[in-house]
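Enquirer: If you're matching them up, the sequences are chains A and B in order. Using this note's numbering, the first residue of the first sequence is number 2, and each one after it goes up by one. Using this note's numbering, the first residue of the second sequence is number 903, and each one after it goes up by one.
Be aware that a few hints might be false.
In the PhoX-like style, the derived pairs of lysine-lysine whose C-alpha atoms are separated by at most 25 Å in a straight line are [to be verified]: (1) K950/B - K231/A; (2) K48/A - K1032/B; (3) K1094/B - K48/A; (4) K1032/B - K920/B; (5) K38/A - K1011/B; (6) K38/A - K1027/B; (7) K48/A - K920/B; (8) K967/B - K48/A; (9) K1094/B - K1032/B; (10) K231/A - K48/A; (11) K978/B - K950/B.
Just so you know, these hints were derived from the structure itself, not from any lab.
Here is how the chains run, residue by residue.
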Amino acid sequence: MKTSDHSPKSAIKQPGKIAVWFLTIYDIYRFIIRFFKEALLPPYEFKEVMRQCYEIGYRSVLLISTTGFITGLVFTKQSRPSLSEFGATSWLPSLVGIALLRTLAPLLTGLIAAGKVGSSIGAELGSMNVTEQIDAMEVSATNPFKYLVVTRVLAATITMPILAFYTVMIGMLGSLLNVSINEGTSASAFFQSSLESITFLDITASTTKAILFGFTIGMVGCYQGYNSSKGTEGVGKAANASVVIAMFLIFVEEVVCVQFFSFFIT
Amino acid sequence: MQQKELTDTNREKVIEIKGLNKSFGDMKVLSSANLDLIKGENLVVLGKSGSGKSVLIKIIIGLLKPDIGMVNVLGKTVDQITYKELLKLRLRVGFSFQSSALYDSMTVKQNLEFPLIRNQRSLTKLETEKRIDEMLDAVGLLKTLNQMPSELSGGQRKRIGIARTLILQPEIMLYDEPSAGLDPITCIEINKLINDVQERFHTSAIIITHDLTCAKEVGNRIAMLVDGHFERQGTFEKVFNSGDEQAQAFYNYNFIQ
Ligand SMILES: Nc1ncnc2c1ncn2[C@@H]1O[C@H](COP(=O)(O)OP(=O)(O)O)[C@@H](O)[C@H]1O
Ligand SMILES: [Mg+2]
């Protein structure tokens, strides 16, 4: 059921700031629990999940391609002076490969998707909430949470690792361009040496992060939109909060993940 | 016109509201409201804007919870059943929004399809299409099948909203200000549609309005919501010949002005 009537604001008569904070946390907790419950129970909205995946990919692919390519190129260019001091410019491909896979690609993709995808999820659900379209689903005996929230969160979670690996590939191309101009390295030699240094753990860590970022972006956008205040300014606020909160959480998760996976490296 | 109060013999109550209270913060919206909807009747709820009419029917459909009081719909106590049971109950109660609330990213056809295919999974594609055509025909808008809601006029949107509600074949219809913001001629069309629906689908209905012409045209019975509860109930004549100040004010505003 929609929680508009039980939102933190109306649950207690005049709750203090701390009470509101705890009630909000509880509300978010219930939202996440509900997601898992409804995602597991049939009926499933396969078609809508696929459509959302396509939407998310389509919305962000151009921006990700450009930024990924430039990042790979610039990172290579900036790293060269330090490496060439030791005559180690041949390490560039593997350095770039590891940097992209471990951190740059998931983080970059996550941040771009938070801006591009998170804001549009927040705005879309927010405006559906304001114009009573969510209530309309509710009263026509269809579960809006299932159709709107579960599908979008799943789609973001599925799409993000794919986009992150795509960013790795595009970033490598950017790097290859720079390396082949300066060192004259061939494409096959470049990819061979960059792939050699990548471990299974790197791939696992990177995928985990991307999945986590995708889940975060979908969840934050949906929560903000689904619980936006009525009125036009509610839509703007929902879109804005979706981006700001998702970006902040992505950085926090990045730090936590790096700490977590570093236990396995030694 | 059909100002016939239903006789006592067939008084099966499909909605029963007793001692309903609802406040938002310090603002009391409904206080000890009592109201019954009798099977087969069109009940018009009149009241000033902001008097809590929408809140009342949102409580009936379970979008809002009552603070105190009993709300019984088709034998179920709305605020005490599980979410699953509530969804089942909502299949039998149609709700037409004041704002129409059409899904603006979907065509008219998809709007009607949306509740249908999710609630009646056994229907074949052909049967679904047939039902959609039938409903659009009932509201006289078959030609809009592939249009987007943004391309429709206010009156058309209202009617599509009603068709989308009717497609689940509800026993009770709740109309929230069906003719608000429409021109007089479209109003007459909507009133006619509401009466058609009653006749064709044998629904019981609560119609919320502040338009007396509409009340007169569609209501078998009228209830006035004043200060959070229902003061006067009865036929149009009974309510407006009562000499009640509030009723008189309403009447004067609509007809004499
Ligand atoms: N979800 C809500 N939260 C807080 N106040 C509300 C809510 N819904 C309605 N209200 C308030 O309740 C009062 C009655 O509203 P409503 O039932 O929409 O009036 P109307 O009779 O015009 O349909 C209004 O003052 C409105 O501001
Ligand atoms: Mg209203």
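Enquirer: Take the hints in turn and mark each one as holding or not.
Expert: Taking the hints in turn, this is what the structure says about them:
1. K950/B - K231/A: holds (22 Å)
2. K48/A - K1032/B: Roughly 23 Å separates the two Cα atoms, so the pair holds.
3. K1094/B - K48/A: Violated, because 39 Å separates the two Cα atoms, which is more than 25 Å.
4. K1032/B - K920/B: Given that 25 Å is the threshold and the Cα spacing comes to 41 Å, the pair is violated.
5. K38/A - K1011/B: With Cα atoms ~31 Å apart, K38/A and K1011/B exceed 25 Å; violated.
6. K38/A - K1027/B: Distance of about 30 Å is beyond 25 Å: violated.
7. K48/A - K920/B: violated (44 Å)
8. K967/B - K48/A: Distance ~33 Å between K967/B and K48/A Cα, so the pair is violated.
9. K1094/B - K1032/B: Holds, at roughly 24 Å.
10. K231/A - K48/A: Violated, because 30 Å separates the two Cα atoms, which is more than 25 Å.
11. K978/B - K950/B: Violated, at about 29 Å.
Violated hints, in rising order: 3, 4, 5, 6, 7, 8, 10, 11; the structure is consistent with all others.
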